[in-house]
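Asks: Sequence:
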Amino acid sequence: MSTSPLHPLSRLSHISSPGSNASSSDLLESNNQQQYFNPKPDSFVAVVTTSDPTNKDLEAGSQHEMSVKEPSSWKWTNAMIASAIMGLIFGIAMELGKVTLPIVIREQFIFRRFIMLKMFLGASGASALFLAILSRVTPDQLQSARTEFMGCVVGKGLAATALGAFILGCGMALAGSCPGMVLVQIGSGVPNAWVTLLGGLSAAMCYGMVQPWFVPLFSVAQIKTLRLEEFSALRRFSYTQLALAVFVMVAVVVIVLEIVFPWASKSELPPWTEAWESALPPEMMGVFIGLNQILAVLFLNDTLGSSSAYMTCTSQALVSKSLRERFLHWSGFRTGLGNVWQPVYLTFAIIGALISSKASGTFGKPAGVTPVQAFFGGFLAIFGSRIASGCTSGHGLSGVALLSVKSMVAVPAMFLGGIMVGFSFDHADSYAYRGFLM
Numbered sequence: 001m002s003t004s005p006l007h008p009l010s011r012l013s014h015i016s017s018p019g020s021n022a023s024s025s026d027l028l029e030s031n032n033q034q035q036y037f038n039p040k041p042d043s044f045v046a047v048v049t050t051s052d053p054t055n056k057d058l059e060a061g062s063q064h065e066m067s068v069k070e071p072s073s074w075k076w077t078n079a080m081i082a083s084a085i086m087g088l089i090f091g092i093a094m095e096l097g098k099v100t101l102p103i104v105i106r107e108q109f110i111f112r113r114f115i116m117l118k119m120f121l122g123a124s125g126a127s128a129l130f131l132a133i134l135s136r137v138t139p140d141q142l143q144s145a146r147t148e149f150m151g152c153v154v155g156k157g158l159a160a161t162a163l164g165a166f167i168l169g170c171g172m173a174l175a176g177s178c179p180g181m182v183l184v185q186i187g188s189g190v191p192n193a194w195v196t197l198l199g200g201l202s203a204a205m206c207y208g209m210v211q212p213w214f215v216p217l218f219s220v221a222q223i224k225t226l227r228l229e230e231f232s233a234l235r236r237f238s239y240t241q242l243a244l245a246v247f248v249m250v251a252v253v254v255i256v257l258e259i260v261f262p263w264a265s266k267s268e269l270p271p272w273t274e275a276w277e278s279a280l281p282p283e284m285m286g287v288f289i290g291l292n293q294i295l296a297v298l299f300l301n302d303t304l305g306s307s308s309a310y311m312t313c314t315s316q317a318l319v320s321k322s323l324r325e326r327f328l329h330w331s332g333f334r335t336g337l338g339n340v341w342q343p344v345y346l347t348f349a350i351i352g353a354l355i356s357s358k359a360s361g362t363f364g365k366p367a368g369v370t371p372v373q374a375f376f377g378g379f380l381a382i383f384g385s386r387i388a389s390g391c392t393s394g395h396g397l398s399g400v401a402l403l404s405v406k407s408m409v410a411v412p413a414m415f416l417g418g419i420m421v422g423f424s425f426d427h428a429d430s431y432a433y434r435g436f437l438m
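Quick note on numbering: this note's numbering labels position 428 of the sequence shown as 428, and the sequence is numbered without any gaps.
Worth flagging that the hints you see were computed from the coordinates, not collected in a lab. Values in this document were obtained by computation on a predicted structure and should not be read as measured data. Backbone N, C-alpha and C fix where the C-beta goes; we use that ideal spot for every residue, glycine too. Be aware that one or more of the hints could be misleading.
[Stated by the list, open to error] Derived lysine to any residue pairs resembling SDA-like cross-links, with alpha carbons at most 25 angstroms apart:
no., residue 1, residue 2
1, Lys75, Lys358
2, Lys75, Val340
3, Lys358, Trp194
4, Lys365, Ile294
5, Lys75, Tyr431
6, Lys75, Gly155
7, Lys75, Ile85
[As the list claims (entries may be wrong)] Between beta-carbon pairs, the in silico distance windows are:
no., residue 1, residue 2, range
8, Cys206, Ser322, 16 to 24 angstroms
9, Met408, Val215, 23 to 31 angstroms
10, Leu158, Gly361, 31 to 39 angstroms
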């Protein structure tokens with residue numbers, strides 16, 4: 001595959017040049033049919049030519065013209081309904097799996113509890129399975145969503161991807177949360193979850209202002225290979241085949257984990273009793289989260305993610321034209337269906353978690369981390385996510401399932417950050433890390 005120089009396209013009225021902070025694309029013209037292309041500031045557009053018949057992203061030797069088109073009102077309505085349903089599913093599934101407990105996250109990173117890993121792998125594997133199915137049932141929509149994701153990460157080299165994911169993992173261990181999970185924790189009544197959210201919003205504002213300083217980092221260790229099937233040894237396999245292989249491998253790991261660490265054992269479930277009888281197998285709840293990928297692809301031309309919502313919410317503060325022109329990257333998150341759906345999705349995740357926790361009698365019963373840990377953990381999680389152009393959901397669930405090479409670098413880096421902070425913190429003061437959360 002040969003690629004022309006990448007050039008960011010701005011949604012703004014002015015023209016942006018290569019290297020500009022503002023970059024997005026609004027419409028993908030594919031297979032002679034115009035499809036809405038979610039505008040995101042991280043997106044870059046590459047004119048690509050290919051002779052690989054298995055690559056459905058682009059017709060051989062064709063070039064895709066980019067143009068601006070506002071989605072119709074019915075598309076907005078359907079997208080908002082789909083986002084709300086996705087959020088409810090996400091919130092309920094996360095709450096029922098009890099992965100939202102800070103103790104579950106913290107002890108995962110020191111390998112004392114495996115609820116988080118089971119749910120994460122269940123959701124990631126299910127995402128790979130459902131996206132593989134969509135690649136056969138609705139190939140054009142899947143490829144549009146896949147191209148959208150790759151466009152968001154193509155501008156970041158491996159250095160930014162790994163560093164950002166590492167910082168994200170550090171924040172997760174500190175806050176006992178992650179960008180999407182914190183909203184579910186708020187709905188579940190986890191103490192100081194709102195402080196974690198405040199830290200995340202502060203990080204989004206900070207990143208929006210200092211993003212230009214990180215531009216030199218983005219080109220470090222840049223790679224041309226974006227998709228797993230682009231490696232020479234794997235070119236004979238289609239996306240569908242490789243995605244199914246990912247699903248099988250993840251499923252095997254989940255089965256082994258369940259055999260060795262049964263989810264209903266005392267070592268896995270929280271030490272409380274009656275209040276947690278509503279807990280369900282985390283891997284099964286992960287499958288329900290993976291189902292959201294179907295709605296995301298069909299109604300949003302996108303895949304699951306959470307951290308962009310923080311940029312969208314904070315960018316509303318850019319009320320004047322001068323501010324928007326000064327912070328081009330940040331202001332690019334203000335409007336557009338590709339940006340708006342995530343805040344709606346996470347808002348309904350709060351509602352879903354609230355409904356589930358109230359129904360099961362667990363609302364407000366988990367112990368939370370301290371306010372200082374919550375704030376700085378949330379700050380690191382979002383700041384790292386923005387450097388890496390993806391969070392636990394974006395890289396871990398969607399990117400891996402879409403066979404993004406950079407996501408397969410981001411996920412280990414994320415866990416490495418969490419493990420290093422987890423073991424260091426636990427070694428320094430085990431009570432402060434996990435004892436008071438019991």
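Asks: Work down the list of hints and note, for each, if the structure agrees.
Replies: For each hint, the structure was consulted:
no., hint, result
1, Lys75 x Lys358, "violated (33 angstroms)"
2, Lys75 x Val340, "holds (13 angstroms)"
3, Lys358 x Trp194, "holds (18 angstroms)"
4, Lys365 x Ile294, "violated (33 angstroms)"
5, Lys75 x Tyr431, "violated (51 angstroms)"
6, Lys75 x Gly155, "violated (29 angstroms)"
7, Lys75 x Ile85, "holds (15 angstroms)"
8, Cys206 x Ser322: 16 to 24 angstroms, "holds (20 angstroms)"
9, Met408 x Val215: 23 to 31 angstroms, "holds (24 angstroms)"
10, Leu158 x Gly361: 31 to 39 angstroms, "violated (46 angstroms)"
Hint violations for this structure: numbers 1, 4, 5, 6 and 10, all remaining hints satisfied.
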